[in-house]
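Protein chains in written order, with UniProt numbering: chain D, 1 to 368; chain Z, 1 to 368.
Do not take every clue at face value.
Said to hold, decoys possible - Cβ-Cβ distance ranges computed for the label pairs, FRET-style: (1) 335/Z <-> 326/D: 27 to 35 Å; (2) 209/D <-> 11/Z: 44 to 52 Å; (3) 315/D <-> 1/Z: 40 to 48 Å; (4) 313/Z <-> 72/D: 37 to 45 Å; (5) 344/Z <-> 86/D: 24 to 32 Å; (6) 288/Z <-> 232/D: 28 to 36 Å; (7) 239/Z <-> 238/D: 40 to 48 Å; (8) 96/Z <-> 286/D: 33 to 41 Å.
Read the hints as simulated data drawn from the structure, not as lab findings. A quick note: this is a predicted structure, and the numbers were derived from the prediction, not measured. Ideal Cβ placement from N, Cα and C applies to all residues, glycine included.
Protein chains: 2
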Amino acid sequence: MLTVNVNFVSHAYPIHIGAGLLDRTELFAPYLKGSSVALITNATLEPLYAARLKAALAPLGKELIQIVLPDGEAYKNWETLNFIFTKLLEAHADRKTTLIALGGGVVGDITGFAAACYMRGVPFIQVPTTLLAQVDSSVGGKTGINHPLGKNMIGAFHQPQVVIADTALLRTLPLRELAAGLAEIIKAGAIADAGFFDWIETNIDALNRGDEAATAEAVHRACGIKAQVVAADEREQGVRALLNFGHTFGHAIEAGLGYGAWLHGEAVGCGMVMAATLSQQLGLIDSVTQARLKQLIAAAHLPTQAPPLGNERYLDLMRVDKKAEAGQINCILLKRLGAALVERVADHNLCAALTASVQPDAVVKPNA
Amino acid sequence: MLTVNVNFVSHAYPIHIGAGLLDRTELFAPYLKGSSVALITNATLEPLYAARLKAALAPLGKELIQIVLPDGEAYKNWETLNFIFTKLLEAHADRKTTLIALGGGVVGDITGFAAACYMRGVPFIQVPTTLLAQVDSSVGGKTGINHPLGKNMIGAFHQPQVVIADTALLRTLPLRELAAGLAEIIKAGAIADAGFFDWIETNIDALNRGDEAATAEAVHRACGIKAQVVAADEREQGVRALLNFGHTFGHAIEAGLGYGAWLHGEAVGCGMVMAATLSQQLGLIDSVTQARLKQLIAAAHLPTQAPPLGNERYLDLMRVDKKAEAGQINCILLKRLGAALVERVADHNLCAALTASVQPDAVVKPNA
Numbered sequence: 001m002l003t004v005n006v007n008f009v010s011h012a013y014p015i016h017i018g019a020g021l022l023d024r025t026e027l028f029a030p031y032l033k034g035s036s037v038a039l040i041t042n043a044t045l046e047p048l049y050a051a052r053l054k055a056a057l058a059p060l061g062k063e064l065i066q067i068v069l070p071d072g073e074a075y076k077n078w079e080t081l082n083f084i085f086t087k088l089l090e091a092h093a094d095r096k097t098t099l100i101a102l103g104g105g106v107v108g109d110i111t112g113f114a115a116a117c118y119m120r121g122v123p124f125i126q127v128p129t130t131l132l133a134q135v136d137s138s139v140g141g142k143t144g145i146n147h148p149l150g151k152n153m154i155g156a157f158h159q160p161q162v163v164i165a166d167t168a169l170l171r172t173l174p175l176r177e178l179a180a181g182l183a184e185i186i187k188a189g190a191i192a193d194a195g196f197f198d199w200i201e202t203n204i205d206a207l208n209r210g211d212e213a214a215t216a217e218a219v220h221r222a223c224g225i226k227a228q229v230v231a232a233d234e235r236e237q238g239v240r241a242l243l244n245f246g247h248t249f250g251h252a253i254e255a256g257l258g259y260g261a262w263l264h265g266e267a268v269g270c271g272m273v274m275a276a277t278l279s280q281q282l283g284l285i286d287s288v289t290q291a292r293l294k295q296l297i298a299a300a301h302l303p304t305q306a307p308p309l310g311n312e313r314y315l316d317l318m319r320v321d322k323k324a325e326a327g328q329i330n331c332i333l334l335k336r337l338g339a340a341l342v343e344r345v346a347d348h349n350l351c352a353a354l355t356a357s358v359q360p361d362a363v364v365k366p367n368a
Numbered sequence: 001m002l003t004v005n006v007n008f009v010s011h012a013y014p015i016h017i018g019a020g021l022l023d024r025t026e027l028f029a030p031y032l033k034g035s036s037v038a039l040i041t042n043a044t045l046e047p048l049y050a051a052r053l054k055a056a057l058a059p060l061g062k063e064l065i066q067i068v069l070p071d072g073e074a075y076k077n078w079e080t081l082n083f084i085f086t087k088l089l090e091a092h093a094d095r096k097t098t099l100i101a102l103g104g105g106v107v108g109d110i111t112g113f114a115a116a117c118y119m120r121g122v123p124f125i126q127v128p129t130t131l132l133a134q135v136d137s138s139v140g141g142k143t144g145i146n147h148p149l150g151k152n153m154i155g156a157f158h159q160p161q162v163v164i165a166d167t168a169l170l171r172t173l174p175l176r177e178l179a180a181g182l183a184e185i186i187k188a189g190a191i192a193d194a195g196f197f198d199w200i201e202t203n204i205d206a207l208n209r210g211d212e213a214a215t216a217e218a219v220h221r222a223c224g225i226k227a228q229v230v231a232a233d234e235r236e237q238g239v240r241a242l243l244n245f246g247h248t249f250g251h252a253i254e255a256g257l258g259y260g261a262w263l264h265g266e267a268v269g270c271g272m273v274m275a276a277t278l279s280q281q282l283g284l285i286d287s288v289t290q291a292r293l294k295q296l297i298a299a300a301h302l303p304t305q306a307p308p309l310g311n312e313r314y315l316d317l318m319r320v321d322k323k324a325e326a327g328q329i330n331c332i333l334l335k336r337l338g339a340a341l342v343e344r345v346a347d348h349n350l351c352a353a354l355t356a357s358v359q360p361d362a363v364v365k366p367n368a
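Excised from the complex, chain D in its bound form (with noise of 0.2 Å):
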């Protein structure tokens, strides 16, 4: 097992990862104070591990509260927050009960948020089940759900008393959400570590099918980088925001195409082609450092090439996004492999970017 501790000011957890660590009741142990545990998953993966889990928390002897939610980012929403809610009032949850997130990103983000607001704040412990929740959210206490008008508008800064990443469950995963994760893996090298950079090219293939060991390294690194970077900067106020790298252009790909049409790392990674692009337009790297991430983008399976939505359309989606001001896109850009920068860019340059990015005859659905 490998741990990474994330070490805010005000509260430290850990990240343990390893395969079968789901079975083993001595990591939830410490941190299950109340009476009660929520158990909070999908139901894709309800008939999966619900029951090695419970089995795992059988010994502690809690009363056991399941809530079981609609799968799919498209129920990021307030119903079924309010559906958390509803839940649990009527089993009596308290302020000392803990909810469990046994599941990807949604179930991550809905159930750290619910966590947050529950009587104004109860604990939480993210087990997360996808390559993607294991390097990017469970690391940082970001919470949140979609309003209509934008992506994760509506959320919290809430820290998991642990995160419990157990690389077995990744056997199950379907291709596509495998290489969605590897997305924000490349991100970390990308903005923040050339050499872990190099490492992903020498091992995408290991990777790409999923071999254990390499995945483990990955995450351990991935979540080792994010962890330093959050570390940093709990409320997102400065250095944090190079985190973002990729996500402006690919909230706009979400939004504009709509939630669930692409992937959340399908977009980063897309996203993340077009800002090193800018990067290039704009001086700051050169063509063969733009090409080598659009490489590794492609050979994770994911897609380079933006859908086309149409400037005008992408630059009001973009301003929407959270580190816009008073209507002004920043975007995360690249200094080299390694480094980046938050900058406000013009709209006649995000403009020539996308123009550069987007080929009309592309295919949108990246594996349709």
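Could you slot chain Z onto chain D? The hints should help.
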């Protein structure tokens, strides 16, 4: 102008108290960082005060987003909250947009919660327009909305940048709402300051007729007491629970009758009498102390007898209180005037107090 400073470890803010503060640009100016400001109020207050507040803000040159909510506790729910989010997103409000709550407890609580969740947190300012809001909901950072299964069950701790309590706004306050505010002022004396309790007894007639000097002093002293208590316990892990004196019974009354039938302050006023009766039955205080509290509540034109919901219904409603643990009800009890404690109370003791507090033929609406 009187000022109380609320000093949290993570954040300090001032509460300014005095007549005519609504018009003073310089009280708002230090706290408005972004390029836009959202003024959030309700349909009753908008025609009374919005133009004055906008005139005060005008010299600062901010884009102003006005959001008008329907008036009433019945609207302190998700639909209203989401209406705020939609308006903010449509107006491209960003992370530096400050929300200003111009209103009573409902507007303040829902605006504060919107500020806590919009883009995972934006700054906000409280301009409380009721006596209750000036002494209670503006101090301590509790924000939230109601759920059909419980009052204030969904929320966050989110501290304002500044509270501007203009006591001249209370001149238009209905007498019933003035009395509701006195309940929280009496509470502050009862749990923490016997001298202040004496002062209220002496000045109750002046307070009842809205005498400005007496009211400003009462607000200042009650806010000072509350600020001391919450600063010692920002997240309500310990001593802060004492501020809930009267609230466990009060919340049950509000939920049992349907939110809005009794005002929050009326329910808390009656709830304090019930808690004093329970304290007496448990041998903590004598009958003279119980009678003094009951008499002061009556002198403030607040109800002293509980509506006949039935003991079982009361217990059910009290079990969803946020202080309950594993279905056990915790109550705030009086040790003497000026001192309180939290204690788990057995159902049969609660039933005895409920029976003593309920007059079967009582008129349910205190001012009907």
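Hints the structure fails to honour:
Violated hints (numbers, rising): 1, 6, 7; every other hint is consistent with the structure.
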